[in-house]
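Undergrad: Please take these sequences and the hints and turn them into a complete structure.
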Amino acid sequence: MKPGIDVLLIEDEPSIAEAIRFILSREGWRCAQWSEGSEAIQQILGLRPRLVILDVMLPGRDGLQVLAQLRATPEIASTPVLVLTAQGGPLAAEGASMVLAKPFANEDLRQAVRSLMPAGQPRA
Amino acid sequence: MTPEILGAIAIAYVAFMFVLAHAADRASIAGRWRWMDSPVVYTLSLSVYCSAWTFYGAVGYASRSGLEFITIYLGPSIVFAGAWWGLRRLVRVARMHRITSVADLISSRYGKSPWIAVLVTLIAVTAATPYLALQMQSVTMALGAFAEPGQKLPGAIPLWVAIGLAAFAILFGTRNLAADERHHGVVIAIALEAVVKLAAFIAVGCYVVWGLADGPADVLARIDRFSTTEAAKGWIIQPERWAVLIVLAGSAVVVLPRMFQVLIVEAGDDDRLRHAGWAFPVYLLALSIFVLPITVIGRDLLPAQSDPDLHVLNLPLSQGKDGLATLVFLGGFSSAMSMVVVSAIAVSTMVANHWFVPFWLWLREIPITRRPHDAPRRDDLRSLMLNARRLGIIGVVGSGWLYHQMSGGASALAAMGIVAFSGMAQVVPSLLAGMLWRGATRRGALAGISAGAMIWFVMVFLPSLGLLGQPQLWAGIDPFAGSVAIALFVNVSLLIVISLFDFPPPAERLQSFSFVNGVAPDAAPADPAQSATAEALLALASRIWGTETALRQFRDAAEEQGKSGFLPDLTSRFVSQFERALAGTVGAATASALTSRVLGRGAVTVADLMDVAGETQRTKETNERLELASHELARTARKLQESNDKLTAISSQKDAFLGQISHELRTPMTSIHAFSEILKEPDLPGSERERFAGIIHDEAGRLTRLLDNLLDLSVLEGGQARRHAEVVNLHDLIERAVTLAEISAPGRPAQIERDPLAEHLPVITDPDRLLQVLINVLANARKYCDAPQPIIEISTRRHPDGRTEIDVTDNGSGIAADRQTLIFEKFARLNEASRIPGAGLGLAICQEMMGFLGGTIAYIPGQGGACFRLILPHLPPTAHHPQ
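As you go down the protein sequences, you meet chains G and Z in turn.
Quick note on full-length UniProt numbering: the first sequence kicks off at 1 and runs consecutively.
Quick note on full-length UniProt numbering: the second sequence kicks off at 1 and runs consecutively.
I should point out that these hints are in silico values taken from the structure, not numbers from a laboratory.
As the structure is a prediction and not an experimental result, all values here were calculated from the model.
Glycine included, each C-beta is placed from N, C-alpha and C at the ideal position.
Watch out, some of these pointers could steer you wrong.
To be verified - A few chain G residues facing chain Z, derived, Cβ under 7 Å:
1) S15
2) I16
3) A19
4) T79
5) A86
6) Q87
7) K102
8) D108
9) A112
TA: What follows is the structure in structure tokens.
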């Protein structure tokens with residue numbers, strides 16, 4: 001089978017993106033990153049990741065809008081999505097598989113990814 | 001007394017007029033010298049009617065034709081004393097429509113027709129040229145009277161006269177381009193000249209009556225005796241000539257370009273006409289009372305071959321009264337000077353507004369709306385129009401001079417005054433009908449004016465130059481009176497007949513309704529209000545009036561609507577007000593064309609017309625009162641709405657502010673958190689470890705800066721900041737800001753345009769804080785200007801009240817109108833899509849800083865790109881420390 005992408009990280013802050021990529025790749029996940037909202041859906045359609053990590057505050061297009069469109073696009077509608085938010089307080093993220101508030105403990109991130117990743121498919 | 005000394009006196013006199021006009025202009029800008037607006041000055045300025053032709057020529061005229069000269073004074077007196085209410089109507093309507101010239105008035109009435117304006121301007125130029133030549137001739141002749149027999153005067157005198165007068169007209173007639181076209185300097189100069197010529201003429205009259213004759217009784221006896229002699233055979237009263245001349249003079253006092261200029265364009269309000277209604281006839285009477293005595297005594301005392309046109313001058317000269325003669329010379333010179341200057345201004349305004357600018361706009365397709373990324377050039381149309389007027393003045397005065405050189409002789413010129421009168425009189429039927437009869441149409445006016453003008457040209461103008469023979473009419477009828485009557489008859493007939501069979505388009509009916517009923521036309525149809533278009537109108541206005549005037553007009557209009565800022569809603573009321581204000585500068589036809597081009601507006605529809613014309617005058621008036629009340633209500637409601645919105649906005653801002661702070665703090669915190677945990681892991685390569693520590697360090701710095709900014713804000717907002725002020729040179733401060741902004745916002749190179757000389761202003765302020773604001777604004781311009789070649793213009797100016805303004809303008813696409821009020825809010829990053837770092841506190845801090853310095857920062861729309869204006873007070877607020 002062709003080598004797919006495990007996680008597509010959609011996040012505009014370069015240092016946060018770097019930290020997450022570092023944490024996840026040490027876990028053995030194959031990661032790709034995209035840093036703005038307006039073409040995020042095309043990226044997901046093209047890369048077909050098993051999991052999407054999505055920041056809420058994105059340039060170009062709000063993360064929640066991206067999420068809504070993802071859920072409305074049949075080919076990728078079932079992809080699990082981990083939403084990251086830097087706003088304090090509860091976030092009503094319709095369609096999110098899980099919400100993680102920034103800043104987060106690295107272990108929480110690792111666990112969230114592990115639990116959301118669809119089972120039965122090998123890691124790299 | 002030699003011509004040389006006299007020339008020197010004349011030059012000194014002109015120089016004095018320059019100083020006086022300059023002082024008057026300055027005073028009117030500063031709002032001083034309110035008496036300049038008094039009825040006395042107004043009435044005196046009307047005396048521009050009495051040119052050198054009347055000053056010297058009245059005696060010559062009386063010498064040839066007896067009492068007939070009095071018609072030239074009688075016509076205007078009848079119009080002023082008998083019909084001042086009619087004149088007042090005219091002034092009201094003309095001011096309502098911001099009329100700039102007689103051509104503009106008629107064009108505006110007949111549907112803002114550019115062709116009528118072109119035609120009337122043509123008549124005005126044709127009639128004015130020989131008339132101007134006559135004025136130069138009079139100065140030359142008067143100088144010649146002082147020459148010794150055989151002495152030859154330099155031939156260049158008329159040229160120097162022309163140059164001097166054109167310079168005066170250019171300096172004081174084209175200094176500014178405003179919606180309110182008034183020239184206080186010129187008006188005050190001609191008012192003084194009116195006094196000089198009256199004083200001179202009365203002085204000569206008194207000298208003649210009591211010095212040369214034995215008082216009034218002797219003079220009357222001499223007149224009686226003279227009227228029976230052979231020399232007085234021309235002294236017969238021809239009724240048809242009298243009638244025509246009175247009508248012509250009465251028309252001329254309104255429609256001659258120079259008269260229209262002082263009577264209507266320079267009239268501040270119509271109230272002064274009531275005083276002028278009796279005062280101007282009195283002035284004319286005073287000027288005419290000594291004409292016959294001077295004529296008769298001149299005949300008695302001066303040699304027979306002496307030119308009666310110069311009796312006024314030759315009488316005191318022959319008696320060795322050099323002082324009196326000099327005064328007379330100055331009187332005549334004043335008459336010539338005011339006539340030439342005002343005519344040149346009036347005719348050149350017509351030529352520029354009705355010939356040059358429309359032609360130029362048609363030829364060059366000047367982009368009315370600014371293309372994106374042009375350099376911010378603000379008043380290019382303004383300089384184009386001012387230059388057109390300057391060229392117009394040179395052209396008009398120059399052609400007068402040329403005409404004088406080519407015609408060469410006085411005899412051909414003598415009748416030019418009345419010839420000009422009869423030419424301009426051809427516009428009177430259309431003007432009168434336009435004011436009184438709604439049925440008069442554009443085609444009728446065009447046909448009437450052009451036919452009348454053609455007949456005048458062939459039967460009056462050409463014969464007066466000797467290019468054609470006098471037309472032979474019915475026996476016993478005076479050829480001149482007959483020709484004028486024919487021209488006017490054909491003119492009026494065509495106007496009436498064609499108008500009766502014509503059906504004017506809606507736009508024209510709108511104007512005719514407004515002119516006949518004296519109601520402001522408020523039904524200019526506007527597109528649904530779009531602030532983007534209001535900004536386009538503001539940009540157009542800035543290019544014509546200059547930024548300051550345009551901004552003031554727009555701010556006032558917005559305020560009247562109860563809005564803050566510079567962009568009023570495009571209500572039909574505002575659009576028609578704007579168009580009329582523009583018409584005050586460029587004429588109705590051009591203003592309408594320009595406004596329509598910006599608004600993308602179509603023609604007036606019948607439905608628009610029904611709105612206005614369907615109502616009777618009475619309901620219109622009631623409505624206006626009601627409208628005023630509801631307008632007031634709407635204003636209050638609007639203000640309430642605005643403050644309510646503001647309160648709601650502030651409350652939701654508070655929530656948003658906390659959310660934003662949370663976000664801005666959590667973002668760097670997230671990186672620090674994650675990387676510090678990573679660093680705890682044991683098996684990390686050294687290089688990675690170092691890089692991650694670096695990231696933590698940077699993000700910690702970012703946190704600190706954010707906290708610093710927040711602290712700055714709260715300190716400023718809480719009013720606890722330390723006040724500190726010193727005198728600094730603004731130039732040095734800007735210099736440093738430009739350098740530091742380049743460091744803080746590197747990236748694409750931006751071209752900085754400055755005017756270093758204007759920047760050298762001492763300001764008393766807290767330099768560190770002002771520097772911070774400047775850096776912020778400049779760095780913003782560097783970051784957000786999206787032009788391919790960014791240009792940032794910094795301009796500074798000091799107002800008379802001590803305020804200092806600093807404008808920073810770029811050539812990008814600016815800020816959308818609906819965001820313009822938001823940008824000074826905290827965390828309002830304009831463009832979420834841009835990848836530009838920054839917390840969005842910059843402008844909020846700038847605003848607080850400027851407030852702290854006692855000044856303001858504002859976004860100025862319509863300047864091309866984004867434009868921020870910092871205003872610093874003369875002195876910073878005094879230090880106080882709340883405990």
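Undergrad: Next, verify each hint and record whether it holds.
TA: Outcome of the hint check:
Look at S15 of chain G: its Cβ gets to within about 4 Å of chain Z, closer than 7 Å, so that hint holds up. Because the beta carbon of I16 of chain G sits about 5 Å from the nearest beta carbon in chain Z, less than 7 Å, this interface hint is met. Because the closest C-beta pair between A19 of chain G and chain Z is about 4 Å apart, less than 7 Å, the hint holds. Annotation: interface hint on T79 of chain G violated; nearest CB of chain Z at approximately 24 Å, more than 7 Å.
The interface hint given for A86 of chain G is met, as the beta carbon of that residue sits about 4 Å from the closest beta carbon of chain Z, less than 7 Å. Contact between Q87 of chain G and chain Z, as hinted, is supported at the beta carbon level, the nearest pair being about 5 Å apart and thus within 7 Å. Hint on K102 of chain G holds. Least Cβ distance to chain Z is approximately 4 Å, under the 7 Å limit. Taken as an interface hint, D108 of chain G does not check out: its beta carbon lies about 11 Å from the nearest beta carbon of chain Z, beyond 7 Å.
The restraint placing A112 of chain G at the interface with chain Z is violated, with a minimum CB-CB distance near 14 Å, outside the 7 Å limit.
Against the hints set out earlier in the document, violations occur for numbers 4, 8 and 9.
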